[in-house]
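A.B. asks: Residues per chain are reported as follows:
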Amino acid sequence: MNSAISVRHLTKDFKIGLRGLKLRAVDDLSLEIPRGQVYGLLGPNGCGKSTTLKIILGLVSGTTGEINILGFPSATAEARRRTGFLPEAPYFHKFLSGRELVRYCAQLSGVPAVKMDDAVDSALELAAMTEASSRRIGTYSKGMLQRIGLAQAIVHDPELVILDEPTAGVDPVGAAAIGRMIRAMRDQGKTVVLCSHLLGQVEQVCDRVAIMDHGRLVLEGRVDEVLAQRDRHLMTIEGLTPEARLAAESTLAAHGARVTSVTHPRRSLEELFRELVTGSRDA
Amino acid sequence: MKPLLLRCGWIARMTFLEAVRQRFFAFLIVLGAAMVLSSVAFRFLDFGHGELKFIADFGFGGMFLFGSILAVVMTAQLFFAEMDNRTALTLLAKPLSRAEFLIGKFFGVWMILGLFVIILSALLGLVLWARAQELSLLAEQSGRVAPDFSISGLSIFALLQWLRLSVVAAIVLAIAAAARTFLFAVILGALTVVAGQLQWIAQDVLLKPTESVVYKSILWLTSRILPNLQQFNIGDALVLDSGTVAMSSIGWVILSGLLYASAYLLLGALVFRRREI
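Order-wise, the sequence lines are chains A and B.
Using our numbering, read the first sequence as starting at 208 and increasing by one per residue.
Using our numbering, read the second sequence as starting at 4 and increasing by one per residue.
In short, the hints are calculated from the structure, not lab data.
There could be a bad hint or two in this list.
Stated by the list, open to error - To give an idea of the interface, some chain B residues facing chain A are shown, with a C-beta separation under 7 Å as derived from the structure:
1) W13
2) T93
3) K97
For each residue, glycine too, the CB sits at the ideal point set by N, CA and C.
Excised from the complex, chain A in its bound form (with noise of 0.2 Å):
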């Protein structure tokens, strides 16, 4: 039993206005996500990835199909038990601080009362919200909202970890420090579904990613395999000069290949703000 969330020929109407006319927001979805890796739920607003989400949480019932999560049916309290959630933009009640919200998950997770102290600081600090955490919620920024929304997450020891856009509205230093906890909770063999439209982000964290387009899957495969371009090749060349480009186009071009572009290497906007910008002001 190597996939931790089983999803087999799901499909999901909603049903719209008096007439009752059905909207699918799900169309005949499988996948299956393996354990201890990182993979990307993608798509457009609409395309029913949140919808997929809640249904394998069990907060919406599909019509059709049928999933597992860790080999429990989603909607039992076993499955639950196993799986921590994360909301796109949540929120909490302001007038609690972070640990006491930390806390309150954990006791609603059944973490026994003797492991809750170390529960909740393992949380907290995995999450990188151990000095902030005596503050109220409503003193928090949106970074440090999420970050403690990760906590509340893992604060059970969840073997999965489901984030719906954990870094929707963060500034890039603040989403590099979440894909940096994404990452450490991969190495610490749990499996983490992301949802996010931070193509670049899901890029460097995911092992594997699926799109969905219209309730229905459209990609599904290894990052790297569905990136990689097999017939083109790039090369990163030091101290070229004119004259050694048209001695190597040459040379290239005698064995039936064609240089198509020669560019500069960039970097992307992000990493020249995150060098630019290092000290996280959530900090």
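Given chain A, put chain B in place with the hints provided.
C.D. replies: For chain B alone, kept in the frame of chain A given last:
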């Protein structure tokens, strides 16, 4: 069983903490307290029924009016705050059943209603006691019998009011579990309170002979589905005519209230189980 109770307890505690911080709660407490205290100033309007009765009726009225508003609005607000702010998504993704969530919400509201009733009852008791002392002195001087009131009767009345408001909260939760909007839940909840207050009329009509089976069936059904909220309003008898209400009658009212609250909570849990969040 213990984990279930603990989970309900955590939800109830959080609900109570959220409710007790709301200005709306403080506002209703202040209005209720003002009504109880102002009864002393308006006691000359007692229409010959006695000052203590007037003060008590004023207090009962305040408790009924503002308590009902609190039970309807606060219950719906606390439920829809979880839905609209999507904290319910975070909570229900945990190993917490929807029934536990709803029961926890109910007991959180139950605690806040208890606090409301205790504060207003204590204040009413204080005002009645202070005025009773003054009237006793006057009665002694004029050789008349001093008016009195029952503290234990007031305590039982407070308990019955708490139960009445709990029944209302359970009904509103059941409505909210099915409703899409806060406003709908509040309006329907308020109408249910009014219908519950007038339910005895249906029971009264039922006793009269009628030819129509349909009419009789509708009345019978209405009088069973809706609790008779009027049965909790026995403040006069309990507080001012101590001993005139049989304990068995009070027991029956309590049992009826508990049954209605449980039935509506169960209904709410069943409806909420199917709700898409």
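A.B. asks: All hints, please: hold or fail.
C.D. replies: Evaluated hints:
no. : hint : result
1   : W13  : 5 Å, holds
2   : T93  : 6 Å, holds
3   : K97  : 5 Å, holds
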